[in-house]
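**Student:** Residues per chain, in single letters:
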Amino acid sequence: MKSMWQRAGVMGAVWAASQSALADYAYNLQEPASQVAREVFHLHNLIMLVCVGIFIIVFGMMFYSLIKHRKSVGHKAAHFHENTTVEIIWTIIPFIILVGMAYPAAKVVIEMKDTSNPDMTVKITGYQWKWGYDYLNEGVHFYSTLATPREQIDGTAAKDEHYLLEVDDPMVVPVGKRVRLLITANDVIHSWWVPAFGVKQDGIPGFIRDSWFKADKIGTYRGQCAELCGKDHGFMPIVVKVVSEEDYKAWVAKKKGSAQAAAADNTKTFDVKELVERGEKVYQANCAACHQANGTGLPGVFPAMNGSKVATGPIAAHINIVVHGGRPGTAMVGFADRLSDAEIAAVVTYERNAWDNKMGDAAQPADIAAARGGAAVAAAPAAQ
Amino acid sequence: MSDAAHAHDDHGHHAHPTGIMRWLTTTNHKDIGSLYLWFSLIMLFTAGSMALLIRSELFEPGMQLMHPDFFNQLTTMHGLIMIFGVIMPAFTGFANWQVPLMIGAPDMAFPRMNNWSFWLLPVAGIMLLGSFWLPGGAVAGGWTMYPPLFIQGGVSYDLTILAVHIMGLSSIMGSINIITTILNMRAPGLTLMKMPMFVWTWLITAYLLIATMPVLAGAVTMLLTDRNFGTHFFNAAGGGDPVMFQHIFWFFGHPEVYILILPAFGIVSQIIPTFSRKPLFGYASMVYATASIAILSFTVWAHHMFAVGMPVAAQLFFMFSTMLIAVPTGVKVFNWVATMWKGSLTFETPMLFAIAFVCLFTIGGFSGLVLAMAPVDIQLQDTYYVVAHFHYVLVSGALFSIFAGIYYWLPKWTGHMYNETLGKTHFWLSVIGMNIVFFPMHFLGLAGMPRRIPDYALQFTEFNQIATVGAFIFGFSQLIFLVLVLKTIKGGAKASDQVWEGAQGLEWTVPSPAPYHTFETAPVVK
Chain A
1302 MKSMWQRAGV MGAVWAASQS ALADYAYNLQ EPASQVAREV FHLHNLIMLV CVGIFIIVFG
1362 MMFYSLIKHR KSVGHKAAHF HENTTVEIIW TIIPFIILVG MAYPAAKVVI EMKDTSNPDM
1422 TVKITGYQWK WGYDYLNEGV HFYSTLATPR EQIDGTAAKD EHYLLEVDDP MVVPVGKRVR
1482 LLITANDVIH SWWVPAFGVK QDGIPGFIRD SWFKADKIGT YRGQCAELCG KDHGFMPIVV
1542 KVVSEEDYKA WVAKKKGSAQ AAAADNTKTF DVKELVERGE KVYQANCAAC HQANGTGLPG
1602 VFPAMNGSKV ATGPIAAHIN IVVHGGRPGT AMVGFADRLS DAEIAAVVTY ERNAWDNKMG
1662 DAAQPADIAA ARGGAAVAAA PAAQ
Chain B
2 MSDAAHAHDD HGHHAHPTGI MRWLTTTNHK DIGSLYLWFS LIMLFTAGSM ALLIRSELFE
62 PGMQLMHPDF FNQLTTMHGL IMIFGVIMPA FTGFANWQVP LMIGAPDMAF PRMNNWSFWL
122 LPVAGIMLLG SFWLPGGAVA GGWTMYPPLF IQGGVSYDLT ILAVHIMGLS SIMGSINIIT
182 TILNMRAPGL TLMKMPMFVW TWLITAYLLI ATMPVLAGAV TMLLTDRNFG THFFNAAGGG
242 DPVMFQHIFW FFGHPEVYIL ILPAFGIVSQ IIPTFSRKPL FGYASMVYAT ASIAILSFTV
302 WAHHMFAVGM PVAAQLFFMF STMLIAVPTG VKVFNWVATM WKGSLTFETP MLFAIAFVCL
362 FTIGGFSGLV LAMAPVDIQL QDTYYVVAHF HYVLVSGALF SIFAGIYYWL PKWTGHMYNE
422 TLGKTHFWLS VIGMNIVFFP MHFLGLAGMP RRIPDYALQF TEFNQIATVG AFIFGFSQLI
482 FLVLVLKTIK GGAKASDQVW EGAQGLEWTV PSPAPYHTFE TAPVVK
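Chains as they are written, first to last, in the numbering used here: chain A, 1302 to 1685; chain B, 2 to 527.
In short, the hints are calculated from the structure, not lab data.
Where is the CB? At the ideal position from N, CA and C, for every residue including glycine.
Don't take each hint at face value.
Distance condition first, Cα-Cα at most 25 Å in a straight line; then the derived DSS-like pairs of lysine-lysine [what the hints assert, rightly or not]:
| no. | chain 1 | residue 1 | chain 2 | residue 2 |
| --- | --- | --- | --- | --- |
| 1 | B | Lys343 | A | Lys1369 |
| 2 | A | Lys1372 | B | Lys495 |
| 3 | A | Lys1372 | B | Lys488 |
Listed next, the stretches of chain B that the computed footprint assigns to chain A, with coverage defined by at least 3 CB atoms under 8 Å from CB atoms of chain A [as the list claims (entries may be wrong)]:
| no. | segment |
| --- | --- |
| 4 | 119 to 127 |
| 5 | 377 to 390 |
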């Protein structure tokens, strides 16, 4: 028995050495950055210790038997086949261990579920395939999309440090504040997950669920969508920047300023060239995931834009699909609530003039405002 | 005995058809058992190839081999086929071969229904696999079929729903057959509490199947009508609830997990006493433990859904009930170890797989306990930790028990001993390969890698590469198994009737190979 322990010690040392030599091999949960995540971390360590302990005892017995009680060393089989006392003992002992584990776990469940007394509230909406953030107290609203360039995914460019875990517009929260999250989704079920905060909550279309976190320290925390939500499920990361109270206020002010500038755009008239330039960016961020950057779509799944009947047909019908969505049950949802009038005008114009579609016509923000009509309300997420 | 079988064949009241018609029309439990097992083996290689494609794409970050949508099709079909096309048919194959032989019955209670239950399966299999060639490809919404994602897909989604219906029908008919056979056709003197453990576990499994398959059928029917007939069972805009699907699905899904593992417990409980040369320890408590696992399995379903956001009370209830399952499961593991204790052990291939089963299944059990803790599950739900957990339970659990069972009974079925060297090579490569694939996945999940993603962040690269290497070792070593089975059918050392020195039970009293008809006069059990 003693030599077995020595061997286990040596293996443990080798393991520890390899861990420090190769930083990328992580063997435990991510470093927690909130009280709840820290409690989960310790709870997991506790359960692991108990499990490893039981494993060593039970399988120590088994391997002892495998070595000592083999026929080849001349061991003769005993004939016992039951022992009520032993059987009762090994039913009761695990039960007691489980009760001992259930108690701390229940405490953490209750703490996790207590979303009362928040300092601020953010509504998070999952879309195929991006996240929308609404700061209900501040009136700030924006979308957060994967920022990793296509070339890195296709392997034609070197991958940077935060490959697939970077977004164009991260969520920003002040440090040390209780942030209540109202989580929902627009199309299919998504799941908002930031491991460092110990928050994973499914966004369910038509329902709002809540969760909360209070970040301990300033920094950038990354997570991903955790519920299969279709083709680009692996490509909708979450980035949360935890900043000081002053930085947070400055960020809110900046967000409000850019929202005003965007609103001003909605009353302007643009020429085709301006619209196409701007529309290309909107298309890459919102449309290319399905219809592809080169407009070819995916045969049988997502229709092509290049040469499509919609993009080369009457412009009013084209606008209508982008604003209100395509055939019910398809992944084509309306963008009425996601894009501004100017953005929709730009993307429609781009689709009509990009690739082989040389329509030469343009949609203006005013056309989009007209197309929204009363139906824009119906196209908004049911969860509002 | 063999003379009696011969005499029966010579009756000639209906000549046996030959060739393909023999297999299409057979009502013989041994033929049907073989059909189930061959179907399962073919599906194992099919769904296994999908796993290798998945692992190849995941060998390094970036999209190299396929489009994300095809990746999702592969993960979905891999899951559906492994569960409904490999594990379940393999266990039903064992039930067909072994239940009549172990209880001294001449055949299954409803031989024609038995034929029908099998031949539904290839139809469902073709519908599932064929959908790869339909517009839009096969289903890509995950084997759990969650709406609203599952509502979005094309025609293959409807086809998959129909295939699930057909497989459910097959399972229900198979279960009715097994229950009726066990309850009515046991040899005189073979009381319930004298039945071999394998028969007990299948009796309980069959009840689970009858109880849960209609639930699954209901859930997928609602999906079908939501997709095609404008109902809104799972659409909030029409007054439905997407989460309701998950409740109904997992009310089926959790007992299903035990459907996939209880027969494995049964097989292992036959093998360990044989090679320990000592009776199974705590037979009665094994039966009660199996029954309590089955009953508890109906009260734990929402532990698959801790992240949907349930009230505190529900979260706590499902956490406690899930943890409770560890008690009867622990009893089983202790009993297996106690059976080996002070035995006279030998390590033929069936025993090796059985020991690996006890050890590795327990690792899956422990990770299950970790996942049962609701707060920890919040971190691990839908990550590779869960992938590691259920592969420990289903690969080193269910699949290894199937290998163990094949090695154990193959001499009885074919009349030849298998090649022990090949068997042991298959065992060691499988057990090592399996651990290289799935052990690192625990770390990936803890570090935060979600499951069902075709591409991943750079910090997950190393463990993914290790897993992919392991997958190829594990996958290709199954070819050894195929060669071994084919060789054993063709020839090999003659197997005695007893086959294994320590084997107990009625199946070892008939000749090897077991004649086409056995126990036409019931044996008497004292």
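**Student:** Decide, hint by hint, whether the structure agrees.
**Tutor:** Now the hints, each set against the structure:
1. The hinted pair formed by Lys343 (chain B) and Lys1369 (chain A) meets the criterion: a straight-line CA distance of about 8 Å does not exceed 25 Å.
2. Of the pairs offered as hints, the one joining Lys1372 (chain A) and Lys495 (chain B) holds, with about 24 Å between alpha carbons and a cut-off of 25 Å not exceeded.
3. Between Lys1372 (chain A) and Lys488 (chain B) the CA atoms are separated by roughly 29 Å; this puts the pair beyond 25 Å, and the hint is violated.
4. Beta-carbon proximity to chain A at under 8 Å applies to 0 residues in the segment 119 to 127 of chain B; the threshold of 3 is not reached and the given coverage is violated.
5. For the segment 377 to 390 of chain B, the stated coverage by chain A is satisfied: 6 residues place a CB nearer than 8 Å to a CB of that chain, which reaches the threshold of 3.
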